[in-house]
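**Student:** In order, the protein sequence lines correspond to chains S, F and V. Residue numbers for the first sequence follow this note's numbering, so the first one is 2 and each next one is one higher. Residue numbers for the second sequence follow this note's numbering, so the first one is 1088 and each next one is one higher. Residue numbers for the third sequence follow this note's numbering, so the first one is 238 and each next one is one higher.
Please note: incorrect hints may appear among the correct ones.
[Claimed, not checked] Below, computed lysine-lysine pairings styled on DSBU-like, alpha-carbon distance capped at 35 Å:
#, chain 1, residue 1, chain 2, residue 2
1, F, K1336, S, K124
2, V, K310, V, K322
3, F, K1089, F, K1100
4, F, K1126, V, K393
5, V, K361, F, K1126
6, V, K310, F, K1089
7, F, K1089, F, K1126
8, F, K1220, V, K495
[Claimed, not checked] If you want the footprint, here are the derived chain V segments under chain F, 3+ residues with CB under 8 Å:
#, segment
9, 633 to 639
10, 810 to 817
[What the hints assert, rightly or not] Label-pair ranges, simulated between beta-carbon atoms:
#, chain 1, residue 1, chain 2, residue 2, range
11, V, T377, F, S1092, 53 to 61 Å
12, F, E1101, S, A52, 54 to 62 Å
13, V, N395, F, Q1385, 58 to 66 Å
Derived from the structure by calculation, the hints contain no laboratory data. Cβ atoms here follow ideal geometry from the backbone N, Cα and C, with glycine treated the same way.
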Amino acid sequence: MQDPEERTKRQTSRRNFLGQALTAAGTAIAAPTLIHQATSAQNMNTTQTPAPGEMAVTLTVNGKPRSLTLEPRVTLLDALREQLGLVGSKKGCDHGQCGACTVLIDGERVYSCLALAVMQEGKAITTVEGLANGDVLHPVQDAFIDNDGFQCGYCTPGQVCASVALLDEIKRGCASAITPDLTRAPQLADLSEAEIKERLSGNLCRCSAYNGIVAAVQQAAGQQPPAPAAAMLLTEPAEVLV
Amino acid sequence: MKNFSYVRAASVKEAVQQSGANQAALFIAGGTNLVDRMKVFLDEPSHLIDITRLQMQRIEPTTDGGLRIGALVSNTAVADHPDVRRNYPLLSRAILSGASQQIRNVATVGGNILQRTRCPYYYDTAFACNKRKPGTGCPATTGINRMHALLGASDQCVAVHPSDMCVAIAALDAIVEVEGPRGRRQIPFTDFHRLPGDTPERDTNLEPGELITAVVIPPLPFAKSGVYLKLRDRASYAFALVSVAAALKLEGDRIQAARLALGGVAHKPWRPTEAERFLIGKPANTATFQQSAEIALQGAQPLAYNGFKVELAKRAIQRSLTISANGGGVA
Amino acid sequence: MSNVIGTSVSRTEGRAKVTGSATYSAEHQISGLVHGYLITASVANGQIRAIDTREAEKAPGVIAVFTHKNAPKVFMPKNDFMNSKIYEARLPLSDNQVHYAGQIIGLVVADTFERARHGAHLVKVEYDTQTPLIDAKKVTFKEAPPQFGEEFAFAKGNIAAGLANAAIKIEATYTSSTELHAPIEPHAIIAHWQGADALTVYEHTQWVAGAQRTYAELFALPAEKVRIVAPYIGGAFGCKAVPWPHAILCAAVARQVKRPLKVVLSRRQMTANAGHRSETEQMLRLAATKDGMLTAIAHEVKSYTSPVDVFIEPCTGITPVMYTVPNLQLKQELAVMNIGTPTFMRAPGENPGLWALESAMDELAWALKMDPVELRLKNETREHQRKGLPFSAKHFADCLNVGAERFGWNDRPMQVRSLTRDGKRVGWGMAAATFPGLRGRASVKVRLLPDGTAHVLTAANDMGTGAYTVVAVTAAEVLGIPVEKIRVEMGDSRLPDGGLAGGSQMTASLAPAVTAACQEVLKTANCTTASEACAALRQSGRGAIEATASSAPGAEMKKWAFQSWGAHFAEVTVDEEIGRLRVTRWVSVMNIGQVINAKAAASQVRGAVIMGIGQALMEEAHLDPNTGYPVVYDLATYHFPAHADTPRIDVAFVGKPDLNFNPIGARGVGEIGITGVSAAIANAVYHATGKRLRSLPLTPDKLIG
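Isolated chain S, as found in the complex (with noise of 0.2 Å):
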């Protein structure tokens, strides 16, 4: 479990980079760009209006109302993704096959890449990026962090979306294809490493940090996961500094 101390340093050390002006001194300094940072949408054409096979919908996402005119064959994913500058959902397969762009929608987990834009208007639409509480993570977020859930990185938002379903799921009393009894379906408490795995193999990590992200739900749930570090058997220690 994470000390919660830890958790405010993680969550003010980011915000201080993004402030940080890049002072030079003594010789000249080229200042790098911090690219990571550029995440403006492009393309926010809310006010247009339609072209011809185009047009209007309000998606309501991360509990705001964006308007946008789109053709009715734009999915949800590339609407997040090419006009909102969403860019948090993925897009790893665009078949509904690798789960890297699940969004939720009423709370529900979603494939967004076969989700048609249009359809979605007078839904509650979740991204990644609307987990967290301003700059305090989401539990599953902090989880996935914790347990190295990750590597990297992008089918993340789709493994951390679908955790959160997942969790919402066993709360309402869903079953799984291997729960051993359908009457009884398991609780946070007793949530098997297998029900877990089951229940997320709609999303794939090349990556392979399953073990990680199977813990990640385990520490969300309530249990206990093991420690993700390697043991260590080194037989002496590193001699770098002198």
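Assemble chains F and V onto chain S, guided by the hints.
**Tutor:** Just chains F and V now, with coordinates in the frame of chain S:
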């Protein structure tokens, strides 16, 4: 994906009318298969009719003790319904064995029934395909046909139906309710899907403009011991090599009644009715189950790469019947 | 001494990844961006007779269509892997020839993704076709040419005599399937020209400086006119090292249309145009004395390449490093097929090579009635038998012994079909793992700021390996300041050349350079600690102290052979009636020298083991035998492990820092974990069932008893 115009239908009647007015229109609900196909130009509708607001979203008991499931009920809602879990566990487990939670949350009962084959030759326009373009040929017959049909195929098409839910529904002798330009009708589920024959482009006996409105599951007390066994190349989130829905009614060790359906072996969910009939009156033991499996696979015509599925299907039948005879559970 | 190095540190970029704010190649927000969609060939061998783009050009939103008839100009780079490298030696759209199905034959540019995709569908192509060469039984094999300067053929002793006089012999052929890297992030690029002579490329690359030089050569520009931006990479495994044809085409077309252009491959397009691991056929002959001393190993390998480039799956590299043997013979053959170009995939050569060798060693152990751990301990070699150099800091025996203990190996009955659980057969198997310790040149800039924080800047990258954190941990260690106070910037060619993230060498290359740069900063400040230096900075009112340092391998390469070692122990269950195989328990023990981050290093091993489980159980790409077009082309048809396929993996590290190798003693951990995995599983299946399976993957059809 070709662009299209989009409307929301307010009632079944309106949806059917809108469909009748436009030959190139398709209904869309969950869209998990249709959007997928449209992206690779297998379907190029010029018009989509969104039926998700229609009143076909309920599961209700029928007067004889069965269930009537609205066509728009999500796969998840069916699998998690207390009556389905209690009385038709094989249906719950079949649904939960298919796809992923994300797909099951939006995929509807009607859409699941109407999903099309995942034959890789059908699924890529680089290949000829009689199902996609009648008369162009079937490269799967001489290609990599490891996943393809053993039973009821033709030289025109060796594709299989991909659904898990439908295998259980076939075993349960369900009825499909449809509404179309010429009114309502009921189609027994086992007659709903077609074998490919010379018209592989037609998956079902639905007429143009007809909409599935509900599926009726008759009462079947011994379905409580029902089993769904799915064998595949990955432990989860993969289509079946072979699957079996089975349920036995025993009196002592004698079989009183049996239900058996196979997935992954034919162009439609396959009911080996002779194998079911064979089981009746026999002792519930390995020899009986083996013989019924032999009967079920009689007439199997394996292709170059899928011969193993004949034996695999037999084993799956034996295993499923054995588990059902012991009261059911996870297969 | 060591405060942070070797401890368990959460990834420094973790917050960005779990909140969705980490920016991958296709996600950089650039105004005026347009979209490209590839047109690909539906035949595997032929010529384009006619290509009709008129309907596409008229479609709404389409800006331009490019084919071989109006191909934009690019120059052939040196392609020597020193200065520059492209994956496929044929430049895109260079003529009307089609060499493999799915080959890129054009690009449609439109104002939206949907319109570009539809435009590509409207292009009509006619071909003259020839029968494609795709049947492994019908192609012609030739001796493989040297690859990256290394010869394949090797012989020592007298192989014929070694085999003839042996008490026990094993001769068997093992095959592995065509495998796809299948990173979850599809290949993506945004090319943005500033005028006609300055280019910014937003593209995942495992080799930032190499990509910069390569794009510069492709467009005859000075390197400084090209900028590569790749802060995050959504998985690579070897297939994102250098530009593929689609990326070259994107950059060239962006210059023509004078708009920033984005091209993202679909999964189908990735199948032919983004590499794969070639299938292999390996014949192994082992000979041993009655007490289990190896007397001969002959290893013959066949793999395949495309008509437009040469890549050899170098399986014989591992044979001289594993076991002492007086008579050794290696042979590697290659055939050309009408397939996309294969390339490096996690442990190229080592992985399929150990699949064969470690399966054969298991067969030998059974033939000898000897414990397979004992057989390996008995034949361990102290030197690299091809280089003639001793191994540095080798702890292979510790891997075997510690692994056996953690797994409970000594309880294994030495008899097949001897264990059962819940009606299933249970089997235990083991295999060795190995990967060379590689290291390259790397440069790093470190900047210490008055507030006690530091920046570490290098054009290296983190494709999920944990490199950001490795760099931060190393800098924290040397500077004596907390990891949270280190900011690491990577993946930008404006930063000092951080080398190649490949061959498991990023840590071994970077960590010494980070160390040197940190030490240089302290030296420049004339202080012994960072806090002293920061205090001096605050006093002087200066903004920062910075230093750049490089490190590179040196004379040690002539004295030692550097190699990492490991052992896997696996438990499987086999439900023989229905052909269901599950991997239920796993122990991996690795000797990689100094471990920098106990958490991320464990994850590297776990991820690699699971990728190996995929190779063993399910991964297999196929072409249609008639047309040569792929029939396994997306993530529904190409199975790799899902959550449900994966056991919990126990990882331990043994040994000591390899200080002969570099001042940190780290040898890298990205690839070794996958080596030996498939053999451990097949060996466990044999123990469970008595069935020796020599052809991957071990799908249900091969397992039903």
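**Student:** Against the 35 Å threshold, does the CA-CA distance of K361 (chain V) and K1126 (chain F) hold or violate the hint?
**Tutor:** Satisfied, since the Cα-Cα distance of roughly 18 Å is no more than 35 Å.
**Student:** Can you confirm whether chain F covers the segment 810 to 817 of chain V, using C-beta to C-beta distances below 8 Å and requiring at least three such residues?
**Tutor:** The restraint on the segment 810 to 817 of chain V holds, since 4 of its residues have a Cβ under 8 Å from chain F and three suffice.
**Student:** Does K495 (chain V) lie within 35 Å of K1220 (chain F) when you go C-alpha to C-alpha?
**Tutor:** Roughly 40 Å separates the two Cα atoms, so the pair is violated.
**Student:** Hinted pair, alpha-carbon criterion (35 Å max): K1089 (chain F), K1126 (chain F). Please report holds or violated.
**Tutor:** Cα-Cα ~8 Å, so holds.
**Student:** Starting from the range 58 to 66 Å, see whether the pair N395 (chain V) and Q1385 (chain F) falls in it by beta-carbon distance.
**Tutor:** holds (59 Å)
**Student:** Is it true that E1101 (chain F) and A52 (chain S) lie within 54 to 62 Å of each other by Cβ?
**Tutor:** violated (27 Å)
**Student:** Hint check: K1089 (chain F) vs K1100 (chain F), CA-CA at most 35 Å. Holds or violated?
**Tutor:** holds (27 Å)
**Student:** Hint check: K1336 (chain F) vs K124 (chain S), CA-CA at most 35 Å. Holds or violated?
**Tutor:** With a Cα-Cα distance of about 45 Å, the restraint between K1336 (chain F) and K124 (chain S) is violated, given a limit of 35 Å.
**Student:** Taking the CB of T377 (chain V) and the CB of S1092 (chain F), does the distance hold inside 53 to 61 Å?
**Tutor:** holds (56 Å)
**Student:** Just to make sure I understand the rule, a stretch counts as covered if three or more of its residues have a C-beta closer than 8 Å to a C-beta of the chain. Does the segment 633 to 639 of chain V meet that for chain F?
**Tutor:** With 0 residues closer than 8 Å to chain F, the segment 633 to 639 of chain V misses the three-residue bar; violated.
**Student:** Do the alpha carbons of K310 (chain V) and K322 (chain V) lie within 35 Å of each other, as the hint requires?
**Tutor:** With Cα atoms ~18 Å apart, K310 (chain V) and K322 (chain V) stay inside 35 Å; holds.
**Student:** Between K1126 (chain F) and K393 (chain V), is the straight-line Cα distance small enough, at 35 Å or below?
**Tutor:** violated (57 Å)
Hints 1, 4, 8, 9 and 12, counting from the list given before, are not met by this structure.
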